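Straight run, no breaks: the sequence shown in numbering that gives the first Met the number 0 ends on number 314.
Bear in mind the hints are in silico, worked out from the structure with no lab data behind them. Just so you know, not all the hints are guaranteed correct.
As the list claims (entries may be wrong) - With a Cα cut of at most 20 Å, we get these calculated EDC-like pairs of lysine to aspartate or glutamate:
#	residue 1	residue 2
1	Lys33	Glu263
2	Lys62	Glu167
3	Lys31	Asp19
4	Lys33	Glu23
5	Lys33	Glu167
6	Lys175	Glu23
7	Lys62	Glu263
Note that the structure is a prediction, hence the values are computed from the model and not measured.
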Amino acid sequence: MYLNIFLFLLSIFLLWFGADWIVESASKIARKYKVSDLVIGLTIVAFGTSAPEFLVTVTAAFKGLSDISLSNVVGSNIFNLGFILGLMALIKPLPTNRSLALRDTPLLLATTALILGLAYFDMLDRSAGLMLLFILAGYVGYLMIHSKRAANAMAGIVPEVEDDGNNEVNAKVWIKLLAGFVGIALGGEFMVDAASEIARHFGVSNWVIGMTIVAAGTSLPELVTCLAASLKGRNEMLLGNLIGSDFFNFAGVLGLTCLLRPLEVSPDAMPGLTVLVGMVALVLLFIRTGWKVSRLEGAILVVLSLGRWAHDFMG
Numbered sequence: 000m001y002l003n004i005f006l007f008l009l010s011i012f013l014l015w016f017g018a019d020w021i022v023e024s025a026s027k028i029a030r031k032y033k034v035s036d037l038v039i040g041l042t043i044v045a046f047g048t049s050a051p052e053f054l055v056t057v058t059a060a061f062k063g064l065s066d067i068s069l070s071n072v073v074g075s076n077i078f079n080l081g082f083i084l085g086l087m088a089l090i091k092p093l094p095t096n097r098s099l100a101l102r103d104t105p106l107l108l109a110t111t112a113l114i115l116g117l118a119y120f121d122m123l124d125r126s127a128g129l130m131l132l133f134i135l136a137g138y139v140g141y142l143m144i145h146s147k148r149a150a151n152a153m154a155g156i157v158p159e160v161e162d163d164g165n166n167e168v169n170a171k172v173w174i175k176l177l178a179g180f181v182g183i184a185l186g187g188e189f190m191v192d193a194a195s196e197i198a199r200h201f202g203v204s205n206w207v208i209g210m211t212i213v214a215a216g217t218s219l220p221e222l223v224t225c226l227a228a229s230l231k232g233r234n235e236m237l238l239g240n241l242i243g244s245d246f247f248n249f250a251g252v253l254g255l256t257c258l259l260r261p262l263e264v265s266p267d268a269m270p271g272l273t274v275l276v277g278m279v280a281l282v283l284l285f286i287r288t289g290w291k292v293s294r295l296e297g298a299i300l301v302v303l304s305l306g307r308w309a310h311d312f313m314g
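With these hints in hand, go ahead and build the complete structure from the sequences.
Below, the structure is given as structure tokens:
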């Protein structure tokens, strides 16, 4: 128990500093190459903060724990769009833009609905994994090709990085970015291990552990990265990180996992996936209304997320 408490505290340290380094380094890189914070959040930051989900999902799949593999991804996405996005909006209303409303969030909604359909017919096999990875590659390729055009079209998206007298993108910046990824990966892993051991003492099932404890643990990088981005005034990176992380969790993490090791779909998966489709649709509505996510809308998302947690534990 003492070891688990130590790992828990260590994971908080690693997650916070890792996330702060990612936001700082990625912002400098965005400014250097004239790429918007939104695109950086949708790609580099999103992929980096999804590293714990990838490690846990693939490891669980190869250990034959399909419930944890799928529930981790589903639970993480609900936690990202419910608790984290809602909490950030409660702290400060989040302005949105047309790209999120017309391109990124609808794509996430379509991908989530596709996963629901594949899971319903128990088709999370290698062909499904290949299809999801193809969707991911096409999306990232589109973002990279059109990033400069998007940056020019959306004036004011890329805020100035704090003038610390050393905004040059050199080897130190890239090393710091890599160190941030390593920190959040280790932090997420330690968090999951410690929390899972504690949860098992209470006789909680693998599916509930995956949807709650493991999902929250692997989503902590997104939480602390969003907090760091919010403190630095980078709302575009914040929203891009959450939408991008959820999309990467499904198209990248789940896609590669299915390609490496096809997953058996538990009947317990369907309610969670259905809730997630509804959650993404609700977020899309909130993004479009008034072109911001308000504090009231944030409160609704947090309540829905906590309610889903309570239902899973009591069920």
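Outcome of the hint check:
With a C-alpha separation of about 44 Å, the suggested pair Lys33 and Glu263 falls outside the 20 Å cut-off, and the hint is violated. The straight-line distance between the Cα atoms of Lys62 and Glu167 is roughly 44 Å, outside the 20 Å bound, and the hint therefore fails. The suggested pairing of Lys31 with Asp19 holds, with an alpha-carbon distance near 19 Å, which does not exceed 20 Å. Between Lys33 and Glu23, the direct Cα distance comes to roughly 15 Å. Compliance with the 20 Å bound is thereby established for this hinted pair.
Straight-line distance between C-alpha atoms of Lys33 and Glu167 comes to about 13 Å, which keeps the hinted pair within the 20 Å bound. A hinted pair counts as satisfied when its Cα atoms are at most 20 Å apart, and Lys175 with Glu23 qualifies at roughly 9 Å. For a cut-off of 20 Å, the pair hint linking Lys62 to Glu263 stands: about 13 Å separates their Cα positions.
Hints 1 and 2, counting from the list given before, are not met by this structure.
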